[in-house]
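Next come the chains, spelled out residue by residue.
Protein chains: 2
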Amino acid sequence: MRALITCSYNGTHFLGSQTQTETKNTIFGQIEYIFNELNITSKPQPSGRTDKGVHASGQTFHIDLPEFWNDLKKLKRILNEMLPNSIKILSIKEVDAEFHARYSAKSRVYRYLIKTNESNPFEDDFISFYTDADFKSIQKNISLFIGEHDFREFMKTGSEINSTTREIYKAYAYKKDDLIVLNFEANGFLRSQIRLMVGALLNLDATQIKEQLDCKKQYKIKPATPNGLYLAKIKY
Amino acid sequence: MRALITCSYNGTHFLGSQTQTETKNTIFGQIEYIFNELNITSKPQPSGRTDKGVHASGQTFHIDLPEFWNDLKKLKRILNEMLPNSIKILSIKEVDAEFHARYSAKSRVYRYLIKTNESNPFEDDFISFYTDADFKSIQKNISLFIGEHDFREFMKTGSEINSTTREIYKAYAYKKDDLIVLNFEANGFLRSQIRLMVGALLNLDATQIKEQLDCKKQYKIKPATPNGLYLAKIKY
Numbered sequence: 001m002r003a004l005i006t007c008s009y010n011g012t013h014f015l016g017s018q019t020q021t022e023t024k025n026t027i028f029g030q031i032e033y034i035f036n037e038l039n040i041t042s043k044p045q046p047s048g049r050t051d052k053g054v055h056a057s058g059q060t061f062h063i064d065l066p067e068f069w070n071d072l073k074k075l076k077r078i079l080n081e082m083l084p085n086s087i088k089i090l091s092i093k094e095v096d097a098e099f100h101a102r103y104s105a106k107s108r109v110y111r112y113l114i115k116t117n118e119s120n121p122f123e124d125d126f127i128s129f130y131t132d133a134d135f136k137s138i139q140k141n142i143s144l145f146i147g148e149h150d151f152r153e154f155m156k157t158g159s160e161i162n163s164t165t166r167e168i169y170k171a172y173a174y175k176k177d178d179l180i181v182l183n184f185e186a187n188g189f190l191r192s193q194i195r196l197m198v199g200a201l202l203n204l205d206a207t208q209i210k211e212q213l214d215c216k217k218q219y220k221i222k223p224a225t226p227n228g229l230y231l232a233k234i235k236y
Numbered sequence: 001m002r003a004l005i006t007c008s009y010n011g012t013h014f015l016g017s018q019t020q021t022e023t024k025n026t027i028f029g030q031i032e033y034i035f036n037e038l039n040i041t042s043k044p045q046p047s048g049r050t051d052k053g054v055h056a057s058g059q060t061f062h063i064d065l066p067e068f069w070n071d072l073k074k075l076k077r078i079l080n081e082m083l084p085n086s087i088k089i090l091s092i093k094e095v096d097a098e099f100h101a102r103y104s105a106k107s108r109v110y111r112y113l114i115k116t117n118e119s120n121p122f123e124d125d126f127i128s129f130y131t132d133a134d135f136k137s138i139q140k141n142i143s144l145f146i147g148e149h150d151f152r153e154f155m156k157t158g159s160e161i162n163s164t165t166r167e168i169y170k171a172y173a174y175k176k177d178d179l180i181v182l183n184f185e186a187n188g189f190l191r192s193q194i195r196l197m198v199g200a201l202l203n204l205d206a207t208q209i210k211e212q213l214d215c216k217k218q219y220k221i222k223p224a225t226p227n228g229l230y231l232a233k234i235k236y
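Heads up: the sequence lines are chains A and B, in that order. Quick note, the first sequence lines up with residues 1 to 236 if you use the UniProt record's numbering. Quick note, the second sequence lines up with residues 1 to 236 if you use the UniProt record's numbering.
Please note that the accuracy of each hint is not assured.
Said to hold, decoys possible - Pairs of lysine to any residue, SDA-like flavour, derived with a Cα cap of 20 Å:
hint, chain 1, residue 1, chain 2, residue 2
1, A, LYS52, B, GLU123
2, A, LYS222, A, LYS106
3, B, LYS76, A, VAL181
4, B, LYS76, A, PHE122
5, A, LYS176, A, ASN117
6, A, LYS222, B, MET82
7, A, LYS106, A, LYS52
8, A, LYS136, A, VAL181
9, B, LYS170, B, LYS233
10, B, LYS76, A, THR131
Source of the hints: derived by calculation from the structure; they are not laboratory data. Quantities reported herein were computed from a predicted structural model and do not represent experimental measurements.
Just need the whole structure built from these sequences, with the hints factored in.
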């Protein structure tokens, strides 16, 4: 049976999401290890990767379960007992054999959390503190990213990709108590794209962002810190 | 000038508070390093130590500042700029030359946070999740610890100490939203004493706790996890 599994995780303790041969200390390194312990040897296929320090409130992956695992509630309970508390299985449901967590995804939603207060040691792993972040200008300029663009000036190199064009369906910012929340939904994102877009919103004006989006000029932008970023939802 | 400095820290990222020769990755390893960068070579003297994974909302230490550091507001600002966000200087004030952060302390206050909900990856570094914790029994039995006792059955061995007798001035539990908060105030605590007392409150009944406090019987208790523990205040 092919199962679609939704999970959340605290990225603080892991070297990113992707399995690595050198270390088990990645999100999917841990998940794969626990599945192996349960004699489930098919490899979990994530919807995509997240970087070191990036969190997920709704990451997904699919996996092929052997026949003896038909009690999905029980599997969820056992997985949560065995996984570290920093990774949590939220739901497991049966899907068609053709379903693919990555290729069947219609869109991906990320959130980025900013506070302008003084930093706080107990929130620092989860929120980015930018005391001079200007909510009004972020709220105005974030819409510049909506639509289909060549995002090659908004990516970290290092991954093999066919195209640097992505379509952003939604991009908006709002305030919730003393948090500034940035919300991005797209068919896909390039490596570090969101952190570079947030870095641009924090440091460039509208004209500069447009120039960079049109690949006319390349401003040096520091990516926003990973600890404010959450993979929120994969839509199918 | 001798200064008393109050700080808070997120213990998640550090190998405990005490400086170590092998690594700089301890709370006071970091603090000492930053003071050295500022040409302040006197060693910070903490009120006491906290273990790996234990947090502080109000740890204190004293240090002797060279004459050129008389602007304490500026020093605080610079320290906070240089320290990692997981350590925060809350206040710096001048004290007498005889003052000692450890020996002048009248009492130490610790808090321990428990939730009985399902664990949550984003709170797991800061709260202990014990789904079967019984608030009524914790609230009743915690008062057994009040007074002067020989706590030798409530300590991890490993530190050199003259006496295992400590006086607990206050010990009480209350609810705050869905949190169970345990509060302990004493002249001092032995190594892992609070985590072992919390472990006893979670696993033993009143008779058993009394037997262990009277050193009549030794029950095997697992110390409660460090991530729920906070050094809250040092009173002088």
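Would you check the hint for LYS76(B) and THR131(A), treating anything up to 20 Å between C-alpha atoms as holding?
At roughly 17 Å apart (the allowed maximum being 20 Å), THR131(A) and LYS76(B) satisfy the hint.
Take the C-alpha atoms of LYS76(B) and VAL181(A), compute the straight-line distance between them, and say whether it is at most 20 Å.
violated, 30 Å
Within a Cα-Cα threshold of 20 Å, do LYS222(A) and LYS106(A) meet the stated pairing?
Distance ~29 Å between LYS222(A) and LYS106(A) Cα, so the pair is violated.
If you draw a straight line from the CA of LYS52(A) to the CA of GLU123(B), is it 20 Å or shorter?
Holds, at about 18 Å.
Starting from LYS170(B), check that the Cα of LYS233(B) is at most 20 Å away, please.
holds, 13 Å
Please work out if LYS222(A) and MET82(B) have their alpha carbons no farther apart than 20 Å.
It holds: about 19 Å lies between the C-alpha atoms, which stays within 20 Å.
For LYS176(A) and ASN117(A), compute the direct alpha-carbon distance and say whether it is at most 20 Å.
Answer holds: LYS176(A) to ASN117(A) is near 14 Å, not above 20 Å.
Starting from LYS106(A), check that the Cα of LYS52(A) is at most 20 Å away, please.
Violated, at about 25 Å.
Tell me if the straight-line CA distance from LYS136(A) to VAL181(A) falls inside 20 Å.
Roughly 12 Å separates the two Cα atoms, so the pair holds.
With the threshold set at 20 Å, check whether the alpha-carbon distance from LYS76(B) to PHE122(A) stays at or below it.
With a Cα-Cα distance of about 19 Å, the restraint between LYS76(B) and PHE122(A) holds, given a limit of 20 Å.
Of the numbered hints listed earlier, those contradicted by the structure are 2, 3 and 7.
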